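*Asks:* One letter stands for each residue in the lines below.
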Amino acid sequence: MGHFLYPAAFGFAAVLPLIVLLYILKMKRKECVVSSTFLWRKSIDDLRVNAPFQKLRKSLLLLLQLLLLILLILGLARPFMKLRGFEGQSLILLLDTSASMQARDVEPSRFEFARAAALTMVDDLSRGDRMMIITFDAKATILCSLTTDKSLLRSTLASVDVKDTRTNLREALVIARSVAQTQENPAIVILSDGAFPDVNEDAGKKGRVHLVSVGERSKNAGITALEARRGLETEEGYQVFARVENFGKEPVEGILEVTLDAKLIDARKVKLAPGEKRSEVFEKGGLVEGTLRAHLDIPDDLAVDNEAWCVLQKDRETRLLAVTEGNYFLEKVLRLDPNVRFDRTSPADFKSMAPEKLRPYDVIVLDGVTVERLGEGNYLCVNCVPPLEGLKAGEKVKFPVIHDWKRTHALTRFVNFSNLEIREATHIEVPKWGEVIVESDQTPVVAAFAKLNQKVLVIPFDLYASDWPLRLSFPLFVSNSVQWLSGRYSQGAGLAVAAGDVLAYTPGRETTEVTITDARGKVVTEKPAENRRILFGGTDRAGIYVVKPNDGEPVRYAVNLLNALESNLAPRDKLTLGDTEVGVSKQAVVSNREIWHWLAMGAFAVLLLEWFVYHRRVWV
Amino acid sequence: MPRIEELLDSDFMKKLEQLSLVSRKIFTGRMKGERRSKKRGFSVEFADYRDYSHGDDLRFIDWNAYGRLDRLFIKLFMEEEDLHVHLLLDTSESMSFGKPSKIEYARKVAAALAYIALSGLDRVGVYGLQADGLLRFPLTRGKKQMWKMFEFILNLPCEGGTALDVACKRFAVQHPGKGVLVVLSDFLDKTGYETALKYFLYEKMDVFVLQILAEEEVNPTFVGDLKLVDVEDADIAEVSITANLIKNYQKNLRAYCSTLKEFCTKHGFNYLFAPTSVPFDQLVLNYLRTAGLFK
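Same order as they appear, the protein sequences are chains H and D. Quick note: the first sequence uses numbering that gives the first Met the number 0, first residue 0, plus one each step. Quick note: the second sequence uses numbering that gives the first Met the number 0, first residue 0, plus one each step.
Hints listed in this document are in silico derivations from the structure and should not be mistaken for laboratory results. Be a bit skeptical, because a hint or two may be false.
Think about it this way: if two alpha-carbon atoms lie no more than 16 angstroms apart in a straight line, the pair counts; the simulated EDC-like pairs of lysine to aspartate or glutamate are [as the list claims (entries may be wrong)]:
| no. | chain 1 | residue 1 | chain 2 | residue 2 |
| --- | --- | --- | --- | --- |
| 1 | H | 248 | H | 104 |
| 2 | H | 276 | H | 252 |
| 3 | H | 29 | D | 224 |
| 4 | D | 250 | H | 44 |
| 5 | H | 248 | H | 288 |
| 6 | H | 138 | H | 500 |
| 7 | H | 397 | H | 342 |
| 8 | D | 189 | D | 92 |
| 9 | D | 246 | H | 45 |
| 10 | H | 454 | H | 375 |
| 11 | D | 168 | D | 150 |
| 12 | D | 250 | H | 512 |
| 13 | H | 29 | D | 234 |
| 14 | H | 450 | H | 403 |
| 15 | H | 356 | H | 342 |
| 16 | D | 246 | H | 44 |
| 17 | H | 41 | D | 234 |
| 18 | D | 226 | H | 517 |
| 19 | H | 270 | H | 256 |
| 20 | D | 265 | D | 193 |
| 21 | H | 454 | H | 434 |
| 22 | H | 29 | D | 237 |
| 23 | H | 41 | D | 237 |
| 24 | H | 397 | H | 440 |
| 25 | H | 138 | H | 104 |
| 26 | H | 391 | H | 434 |
| 27 | H | 313 | H | 342 |
What follows is a set of in silico ranges between Cβ atoms, one per label pair, in the way DEER data are often shown [as the list claims (entries may be wrong)]:
| no. | chain 1 | residue 1 | chain 2 | residue 2 | range |
| --- | --- | --- | --- | --- | --- |
| 28 | H | 58 | D | 254 | 26 to 36 angstroms |
| 29 | H | 9 | D | 217 | 46 to 56 angstroms |
| 30 | D | 235 | H | 599 | 13 to 23 angstroms |
| 31 | H | 22 | D | 235 | 41 to 51 angstroms |
| 32 | H | 22 | D | 200 | 50 to 60 angstroms |
| 33 | D | 217 | H | 58 | 27 to 37 angstroms |
| 34 | D | 235 | H | 9 | 45 to 55 angstroms |
| 35 | D | 278 | H | 22 | 42 to 52 angstroms |
| 36 | D | 254 | H | 22 | 13 to 23 angstroms |
| 37 | H | 22 | D | 137 | 52 to 62 angstroms |
| 38 | H | 599 | D | 156 | 50 to 60 angstroms |
| 39 | H | 22 | D | 13 | 30 to 40 angstroms |
All figures in this text were calculated on a predicted structure; none of them were measured in a lab. Cβ coordinates follow ideal geometry from the N, Cα and C atoms, glycine included.
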């Protein structure tokens, strides 16, 4: 109390003495003529003797009137109370659960602080107010739709856990806005430290947005990048690149150490001025295979960014069998890749080979070989049309002109098919489950087929009947093809995943089940989908995730935060959504709740009471 | 004279006709009127003789009988007794109170009584009691005078304060003798009614006291804070009406009325409480007859 939006209304208080004056001057009584007053006088005198209330009532009425007037004046002055909580009957709470919320600059942590603030907001809900809880980290999750059930809200909040991921406010805001759209009086409250990029949003959306900024200081240094590249000097082994950054206002000093499978590789002293970034490159022998862990030993508010992992993998050999009568260009190109073990056989020998003998090969190249039946394995069919379901070979066509190709496909990476001249190609008809990679005006010239346990790539023309082998696109395409067919194209790049992102794993052909052990040792079992990929979304925690197919070697994935925005703990004091600036406050928000209507109701009650007292004389 | 028609509207006249039919009876005074008295007196009609006694009026000696019998006889004639009916109306301003006003009611009752009395060949006098004296319509008989009398009743002014005693005293002095005396008043006199009524004690009259009160006085319907103004002396009483006050007022009024009644009974007057809520014809026919004003 004590806050008034319109204190000028206190000027009306001048009316108060007026009422008293009127009372002193006595009320103007209605004149009423009677035949004689003496009986009345007598009666009054009789009553006066035994009714002291008469006088009291007069002053009671006066008091009531004064009280009424005071209440009205107070109401006109529009007092408001600073109440914790928000105005709005539908409160949509966006709770930040990203990595930066783990910072311990407020006790016990930013997240716990935010949780406590959220619980207070639940407590402060007025009757009939509803609340919705959405958490947001790398993705937004609706934990609790709009409800008035405070115990549900409390238990929901109690079960929320903070994650090691980046922040994606936008998605949560889209959800909140769409909910707010349907509500009468919505308010969107973001409980966050503000470690997220600005969100562009159309203006004029419904629902006021308010940011409750958690966090006090920025005292943090962290690893913001960790990458392993193939070494330039050594044939084998990696070069590890790490970037450390100081987000604090003080210079920091500490040790950055790199271990491979718990064996110390290197430790360097790093000194970082406020805001300084520093890149360190580790290049030592022995960085070949294993789990690399970088650790920055500087005590600060946020621990999660002081650690990062990287998985170093020895390149696995791809075994390739070329079935050809002899194709100079093809062989030359296939042999280029040092990781490919190349075997060659003639079509006659191939037909007599037992299936067991074919199994070790990752890719089989059929060059102008017509087979009755495709066995297991992945095939690259050049100048031949394999017997695949729905794939029909037709007449030869002359000079097909290429007009389009799938530019986003892994097979066409860095490849340009324009100007490719083909003298003659077999017309093929690609069924729906297949995919036309390169399209000419007369026939598809490259088609890909992927089944659960088999991939086939069809190139229905003779390389010698085209100028392709002479073009730059040819080796690139063949390299892409081998990677795609062997299923290894993604592995080098895909072993590092940002926390919160989807971990994609392509298991082997025989794999029926994959167990994934996350950073905390929790084991999840997944089955490969139709397209033989496993997409695992539970990468909430940074660390090493082990994916083990039931028929093969485990693969290790490094899940890292590595996000400068999260590591930068500077609390946000400004939030702009589109072109509107959003209110930001430090503590659990205090909103001005006007209470004039309570005063008006009080005044009404006093009025009723006055009326009652006035009429009591007759009706009692 | 529009007010005559006001008072004597067709309804009223109809009721009067009814009254005259029903009340072909005589006022019951101590003296009977309109027919031959058993008493012998001096009149035109001869009744009897009696011996002369010393002091008799010599004019009534039957000299013929004296010549024949040598004795003195006095001729006795039928004495015609008139009943004197006096109607006293309180015309103080307080009588104008009420709806219908008490004076209106009193006028109707007075007119009705006058009509009955005149029909019965009694002598009727009407008097307005005023603060400073008496307005009178002197004793009159015969229905011919009826209209004049009605006009007088109607034109009685209703003003001034109440000072019953002055008017009553004057009446009593000017009208000795017997008769029926009907006093129509609200008796709401701050100076008291006792002295006034006591003047009638010394008359050999049958006194009927009609206390006329308006409905508004019997059951007040006031609400709120009021300044009650006395219609007569502009005295002001400030009251805040409560149920309690109303109750108390009614209690006081009842007490006041019963004191008046007691006073009347004690002095041989007939008291009748006549609130204006009782139709005047009903009052005249039922109540007054029960009270013995007429047969």
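*Asks:* What hint numbers does the structure not satisfy?
*Replies:* The structure breaks hints 5, 7, 11, 12, 14, 18, 25, 27, 30, 31, 34, 36, 39; every other hint is satisfied.
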